[in-house]
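Novice: If you want the building blocks of each chain, they are given just below.
Number of protein chains: 2
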Amino acid sequence: MHFVSALPLQSGASLRDYDLSFETYGQLNAAKSNAVLVCHALNASHHVAGVYEGQPKSEGWWDNMIGPGKPLDTNQFFVIGVNNLGSCFGSTGPMHINPDTGQVYGADFPVVTVEDWVNAQARLLDVLGIQTLAAVMGGSLGGMQTLSWTLQYPQRVRHALVIASAPNLTAENIAFNEVARRAIVTDPDFHGGHFYQRGTIPKRGLRIARMIGHITYLSDDVMNEKFGRQLRTAVLAQAQDASVSLDAGQYKYSTQEVEFQIESYLRYQGDKFAEYFDANTYLLITRALDYFDPARAYGGDLSLALGRATAKFLLVSFTTDWRFSPKRSREIVKALLDNKRDVSYAEIDAPHGHDAFLLDDPRYTGVVRSYFESILQSLEGQP
Amino acid sequence: MHFVSALPLQSGASLRDYDLSFETYGQLNAAKSNAVLVCHALNASHHVAGVYEGQPKSEGWWDNMIGPGKPLDTNQFFVIGVNNLGSCFGSTGPMHINPDTGQVYGADFPVVTVEDWVNAQARLLDVLGIQTLAAVMGGSLGGMQTLSWTLQYPQRVRHALVIASAPNLTAENIAFNEVARRAIVTDPDFHGGHFYQRGTIPKRGLRIARMIGHITYLSDDVMNEKFGRQLRTAVLAQAQDASVSLDAGQYKYSTQEVEFQIESYLRYQGDKFAEYFDANTYLLITRALDYFDPARAYGGDLSLALGRATAKFLLVSFTTDWRFSPKRSREIVKALLDNKRDVSYAEIDAPHGHDAFLLDDPRYTGVVRSYFESILQSLEGQP
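Residue numbers (numbering that gives the first Met the number 0), protein chains in the order written: chain H, 0 to 382; chain L, 0 to 382.
No lab work stands behind these hints: they were computed from the structure.
Which copy? The list can't say, so a pair holds if one copy fits it or any two copies do.
27 Å max Cα-Cα, derived DSS-like pairs, lysine-lysine:
| # | residue 1 | residue 2 |
| --- | --- | --- |
| 1 | Lys56 | Lys225 |
| 2 | Lys56 | Lys69 |
| 3 | Lys333 | Lys225 |
| 4 | Lys202 | Lys271 |
| 5 | Lys202 | Lys56 |
| 6 | Lys225 | Lys271 |
| 7 | Lys225 | Lys326 |
| 8 | Lys271 | Lys56 |
| 9 | Lys339 | Lys326 |
| 10 | Lys31 | Lys69 |
| 11 | Lys225 | Lys251 |
| 12 | Lys251 | Lys271 |
So that you can see chain H by itself, here it is in the shape it has in the complex (with noise of 0.2 Å):
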């Protein structure tokens, strides 16, 4: 969907005009009371849920929890996914040409804040003639964009799925998330985030990036479970590499080389994921991730913030999440309480740490299709 009237972003920039990726499943019925926004997080886009044709292998980012029949039932539901914007998936972002200049953006696509991200998911609710969801759902940074979907549009929003979010970043998250962005803006192949021009990609800068974020998306002891202290020669003669050596399991006793299996698994996620993903768009991303925090505007006051959303809540946390712990997902359900406001809340004792969330667990996935079917009989007791 192509957008003409520019977009006013929080920083005071604007986007004169853009694109937005987005696909729909199920349909509309006919009161348009039965649309689910899903919001997407750092490394996910609008292809929420099933496959492309003739292309088995690309499921939707939550197609687990998304489809005919699923938790999230497009049979009953009409679900829109949206490509936020200054991704790297389809909707305008750094990649593509700035109108004013001709040049690609590059560094200069501007700071885009959930609150944007949220606004343009607006207008495009707008051109479909869609006043009000019956819901808004996402994790991670998803669940922050439905979070402020209900201070934002309060009158638009009759249900938000918060799951394995948190209110804003603690210093720990905003310092990994630094850590990732040095690596990446320090790269030379960055060229100050002109590298489209050069030729290069900030390659090294990617996989160090995905690497650290890996170690903040797993729990110590799904680590511990999949990998262990597991070497990589041993990993190999398990799977009877012919060309595995006979010392198989004894240490090789090198800095540089491939010891361990966790490092053959994160070396394998960076260097995959260098090969797709936008530097500038991880910068923007992990920005807008840091910059979230409705309470700020209250003196850092979540209950006050908060006071303005009127939605039914459902969060969900994961007890290993170490990344948005139970924790920060229970000052929510607090500060919803002290507003009087209808929430529920699950905290899941799930071993797989922030990833959990995109993962199958039956007491999960069982929580959120019982919300969506209680969502559906209050829709069907509408006048």
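Chain L: place on chain H using the hints.
Specialist: Leaving out everything else, chain L in the frame of chain H:
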């Protein structure tokens, strides 16, 4: 101290000849029974206490713990600090000349392990005429050396003080080390570890490595308390820096500039470290951490592995240390108790994360002081 006989290493390589830098404090008694060896961690040296003449800011890294009248009282004990092989603070390391080639070692410096360091320390004690240590003491990686002393030279150690340490690294620990190493190794100025000849220093990588390290040394709580979400401009304005604009406390909306105070702190720490620390040393020391695993030769059974130890033990851990958590110290305590060893264990409720072992917590320093007092009494009670 120069050593002319080759030191065989665990890897199978050996160091033909080498120097060890060391310092001593206090007086060795006539019975040579009051010697205490203090082992250092990643970013430290043989200079454990005191200041150099005319250099009032040159305090040793454990100066709060070691000195006249301090918990480890140098009026009573003869304290020895040794710089480990591969370090960049005096002992033979990667920036020294390889006698076999006449060239700087660089990346060709052999991989050294905790066990190798202990062997080198034992040789130094031989030359000093010290057969038995009243105690070995160390925090973090220094605690690993302490534990290894009790296994490699059980008859030479009466007491072992293992502080904020672990019986091996977890997958997450190794993962953080690996990201830091990749940042260094992929820095174009690293040149495969032979950067000395090129006149370059891989400062970008060292900065990233140090920033990652710092995050893991601190607890989430203490980071929130010290930095929280404070903006750099607000901190500067509080310090009444005249160059700060009226926008102090407002977001700059920038992805590359310093916005939050935690970013400023981490960048400063990274810059400082990159000025003095050697990149090859960083690789070697983190690898020594990765490889340490006394239970490995016993099928992972730590109780079997620690059966060789005959020393008495004090273990100390800190509740908010997520790098070497109390759980890891308790594993050592349990394994020692399985062998019916004499073990004291203090789990200190401290907010400072892994860094706590270097800080002044009166409950912590009090425990160490009492332990050394009891060692002193046992020495005096000796024939």
